[in-house]
Amino acid sequence: MQIPDVVTMGEAMALMIARQPGLLEEVREFERATAGAELNVAVGLSRLGFQVGYISSLGQDSLGRHLRAFMAAEGLDLRHLRTDERYPTGFMLKQMVADGSDPQVEYFRRGSAASHLSLLDMPAPGSAFQQARLLHLTGISPALSTDCGELAFALARQARADGRLVSFDPNLRPRLWPSREEMIATINALASQADVVMPGLAEGRLLTGCEDAAGIADWYLARGARHVVVKLGPEGAYAASAGGDGCIVPGLPVREVVDTVGAGDGFAVGVISGLLDGLSLSDAAARGNAIGARVVQFRGDCEGLPTRAQLASA
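If you read the sequence shown in this note's numbering, its first letter stands for residue 1, the second for the next number, and so on.
Calculated from the structure, these hints are not laboratory results. Note that the structure is a prediction, hence the values are computed from the model and not measured. Even for Gly, the Cβ is constructed at its ideal location relative to N, Cα and C. Mixed in with the good hints there might be a few duds.
Computed beta-carbon distance windows for the label pairs [as the list claims (entries may be wrong)]:
{"no.": "1", "residue 1": "P250", "residue 2": "E26", "range": "38 to 46 Å"}
{"no.": "2", "residue 1": "D162", "residue 2": "E26", "range": "46 to 54 Å"}
{"no.": "3", "residue 1": "Q60", "residue 2": "D212", "range": "42 to 50 Å"}
{"no.": "4", "residue 1": "G49", "residue 2": "S127", "range": "18 to 26 Å"}
{"no.": "5", "residue 1": "E235", "residue 2": "Y107", "range": "27 to 35 Å"}
{"no.": "6", "residue 1": "S179", "residue 2": "L78", "range": "33 to 41 Å"}
Build out the structure end to end from the sequences listed, making use of the hints.
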């Protein structure tokens with residue numbers, strides 16, 4: 001029974017990237033890739049040499065088969081990835097932009113197989129997935145459905161009770177929530193189960209009501225987090241730990257921004273891998289900045305995620 005270093009859960013989606021700039025409704029050709037915040041993190045950590053378990057559900061369709069083959073090729077532990085014959089695999093469309101701005105994205109995930117994840121998908125107590133060093137979650141899972149949210153909370157509570165590390169990226173998707181108030185309350189409740197919280201600056205402002213990164217970090221530290229890293233975009237990140245002083249970790253210059261989607265997931269890969277490698281929080285955040293800067297120079301969500309050798313030569 002091989003025990004993964006990291007376990008995560010979420011929705012993997014097929015990604016259709018426009019092959020030419022312009023509004024999505026005007027594009028005639030798309031290139032297929034993969035997407036999903038948790039999947040991006042899983043792939044990034046696997047490329048850095050960690051054993052990563054992934055909990056999800058795919059439809060019995062060509063998109064699902066493509067995603068499963070991709071995950072297997074990336075070395076993910078798929079013993080808790082099931083195929084659901086009743087519901088489809090989700091997918092998304094992404095615009096190509098030529099100026100480095102955030103692209104237009106459209107999701108087709110309502111009623112997807114992954115949205116029907118539930119407590120029935122909880123790994124058994126004492127199983128390999130319940131012994132991983134770290135559990136990584138995002139705020140997308142509880143937005144998909146009540147059942148999916150219950151699974152995320154149960155995984156977090158179990159990991160916390162076992163003394164295992166829990167990392168959390170809010171990854172806000174307002175369009176998936178019935179109201180802003182429910183989104184804020186649920187996301188913050190899940191964040192309160194995490195040891196490492198990684199909001200973006202705009203996300204942190206919305207979730208906490210605090211204006212600056214230091215205030216956002218203090219807000220989550222006061223609610224039980226051990227470490228908070230606030231993503232500041234090109235400026236880098238603000239890192240703070242309980243009982244210590246916070247600091248700005250400068251970002252890295254980028255020659256050309258090709259695609260901003262996935263940069264936050266790359267940042268999470270850097271922070272999580274750094275902490276698992278025994279780095280200080282500021283050094284882990286610096287690795288997050290480096291990987292995030294690399295990711296924005298590639299099209300697609302996973303294409304820029306580095307191997308150890310590529311990270312060392314960056």
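A quick look at each hint next to the structure:
1. Between P250 and E26 the Cβ separation comes to about 39 Å, which falls inside the hinted range of 38 to 46 Å.
2. The hint said 46 to 54 Å for the Cβ distance between D162 and E26, and at roughly 51 Å that hint holds.
3. Between Q60 and D212 the Cβ separation comes to about 48 Å, which falls inside the hinted range of 42 to 50 Å.
4. Taking 18 to 26 Å as the suggested C-beta distance range, the pair G49 and S127 conforms, at roughly 23 Å.
5. Taking 27 to 35 Å as the suggested C-beta distance range, the pair E235 and Y107 conforms, at roughly 28 Å.
6. Between S179 and L78, the C-beta spacing of about 35 Å keeps the proposed range 33 to 41 Å intact.
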